[in-house]
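Undergrad: Build the full structure now, drawing on both the sequences and the hints.
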Amino acid sequence: MTAIRVRDLRKRYGQVEALRGISFEIEEGEVFGLLGPNGAGKTTTVEILEGYRRRDGGSVDVLGHDPQRAERAFRERIGVVLQHSEMWPNLTVAETLRVFAGYYRRSRDVGETIALVGLGHKRDDRIKTLSGGQKRRLDLALALVGDPELVFLDEPTTGFDPQARRAAWEMVRGLRSLGKTILLTTHYLDEAQQLADRLAVLRDGEIVTIGTPGELVDASGPTEIRYRLDGELTLLRTDEPTRALHELTGRALTEGRELRDLEVRRASLEDVYLELLREEEAPE
Amino acid sequence: MRLFLHQLRADQLVFWRNRESAIFVYLFPVLLFLLLGTVYGGTYEGRPVVDYLVASLIAYGVANTAFGGLAIMLVVRRELGILKRIRSTPLPAATYVAAALASIVVVFLLQTATILLLGKLVYDAAWPDDWLSVALAVGVGAAAFCALGLAAAALIRSSEGAAAVVNVIILPMTFLSGGFGPTRDFPDFLQRIADVLPLTYFVELIVGIFVHGEALWAKPGTIAVLVLWGLIGAAIAVRRFRWEPRLG
Ligand SMILES: Nc1ncnc2c1ncn2[C@@H]1O[C@H](COP(=O)(O)OP(=O)(O)OP(=O)(O)O)[C@@H](O)[C@H]1O
Ligand SMILES: [Mg+2]
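Read top to bottom, the protein sequences are chains C and A.
So in the working numbering, the last spot in the first sequence is 284, and the numbers never skip.
So in the working numbering, the last spot in the second sequence is 248, and the numbers never skip.
These aren't lab readings, by the way, just hints derived from the structure by calculation.
Keep in mind that a hint or two might mislead.
What the hints assert, rightly or not - Negatives, chain C to chain A, calculated, CB over 12 Å:
(1) 47
(2) 86
(3) 198
(4) 206
(5) 234
(6) 241
(7) 244
(8) 259
(9) 267
To be verified - As a list, the in silico DMTMM-like pairs of lysine to aspartate or glutamate whose alpha-carbon atoms are at most 25 Å apart:
(10) C/128 <-> A/244
(11) C/128 <-> A/160
(12) C/135 <-> A/160
(13) C/135 <-> A/79
None of these values were measured; they are calculated from a predicted model.
The C-beta atom is built at its ideal place from N, Cα and C for all residues, glycine as well.
TA: Here's what the structure looks like:
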């Protein structure tokens with residue numbers, strides 16, 4: 001089953017064309033990552049799917065609903081972490097979650113949800129005393145307390161320390177294993193690689209590539225061989241790494257020279273990503 | 001209804017938990033009443049001054065609480081992103097707004113009751129004769145000023161400015177409309193301004209009931225002006241109210 005279907009989605013803000021006709025589908029139970037530099041249109045896309053913003057063109061289907069109509073039945077089924085939001089500063093974590101839990105016909109247990117995001121030791125503390133990362137975890141808890149089928153996470157781990165990020169990853173994996181569908185945006189490539197079943201790279205309102213993390217890396221072409229000879233750094237790109245390396249080391253051996261800092265590497269997702277963004281900038 | 005009560009309870013919790021809102025919105029008019037009651041006594045035009053004070057401070061309360069308190073509360077929540085966040089939950093927007101209004105009205109009613117009670121206990125003010133008129137006048141005033149509070153929330157751009165803007169409106173308005181004492185000796189142009197202020201009409205109504213023992217129905221024109229102001233506020237709110245923070 002398809003959870004989200006987006007066709008030729010367009011959005012403009014005055015002169016700014018924020019989305020120039022993007023299309024993608026997300027299957028039920030899939031974790032889909034949306035990557036892209038600042039201003040690429042990630043938040044715009046996510047907020048159209050959540051029902052916050054109206055589209056200017058194209059069609060959108062989320063769990064069989066048109067989010068633009070923001071029906072209550074639709075909102076019962078989604079969970080949302082906004083890129084920015086705050087909560088009542090003087091309520092405690094548990095009180096805030098109880099308020100939100102009351103909005104849903106069917107909600108998760110409040111204590112369990114707090115424990116799930118690792119705020120158990122803060123449950124009776126006021127929100128204004130939480131750190132930035134702890135507030136973000138509260139946002140996550142608020143998104144989950146309605147026991148949604150589909151969860152939107154707009155940069156959910158921004159501001160997390162490395163340990164908290166790992167914990168959040170575990171949580172997302174946990175949600176996935178419960179069969180939830182997740183759409184997340186992130187600036188962190190390792191996060192996308194770790195979590196996303198498939199991902200799309202957005203730039204300037206267009207999808208420049210879409211696929212599994214593995215496919216993106218495979219499509220990236222040549223292997224890189226780097227070495228330093230006579231103090232000079234050389235970079236070699238090849239589709240035949242075995243032969244290239246053999247020739248290179250063979251020559252060095254016969255000449256009795258050392259290839260310092262020799263390194264063979266496949267492109268990482270990060271290389272692919274940066275390459276994609278660079279290609280797009282070139283025509284200027 | 002269950003959702004409405006749930007949200008009303010949440011709004012009450014948020015209100016009383018925040019010391020600033022509890023003190024400035026609920027307590028301040030009460031303290032002002034005690035202060036003025038201690039300073040001024042005796043009679044004015046043959047009526048006990050404390051009756052004027054009770055009426056005046058209820059009028060100040062409607063401006064301070066139903067109008068100002070509501071506007072500030074909504075602007076702050078909007079700018080924090082709380083309104084936006086709640087919009088993607090199943091809580092209907094109308095239920096949310098209804099609960100927010102009800103919550104501030106609860107505060108205003110408690111405040112009014114406190115002033116009445118302190119007037120009686122501390123300054124030996126007489127109870128009003130006509131409780132029905134009191135209840136209806138307070139209800140009409142609360143409704144009109146809540147509507148104006150919604151309009152103000154829609155027009156105010158930032159939470160930093162909200163308290164300042166609201167006070168710049170409330171204090172001169174209360175002064176000009178007779179909430180802080182008779183305006184008979186004011187220069188003509190100030191009285192002209194007062195003639196269009198909604199609070200002038202609420203003061204007229206409430207002073208009539210508390211001081212002169214009139215019934216609410218004695219002043220249909222006054223009620224009509226209040227209702228008109230309420231409708232203007234509601235119209236602005238419907239057209240301009242936003243759930244999302246302003247950008248930048
Ligand atoms: N409400 C708005 N009004 C006007 N322009 C907007 C609005 N929201 C976004 N934009 C513009 O649309 C473009 C896409 O913005 P969007 O917030 O979707 O990007 P993003 O990919 O989420 O960026 P970031 O990584 O910084 O969060 C940007 O050029 C932005 O300036
Ligand atoms: Mg964004």
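Undergrad: So which of those numbered hints doesn't the model satisfy?
TA: 1 and 2
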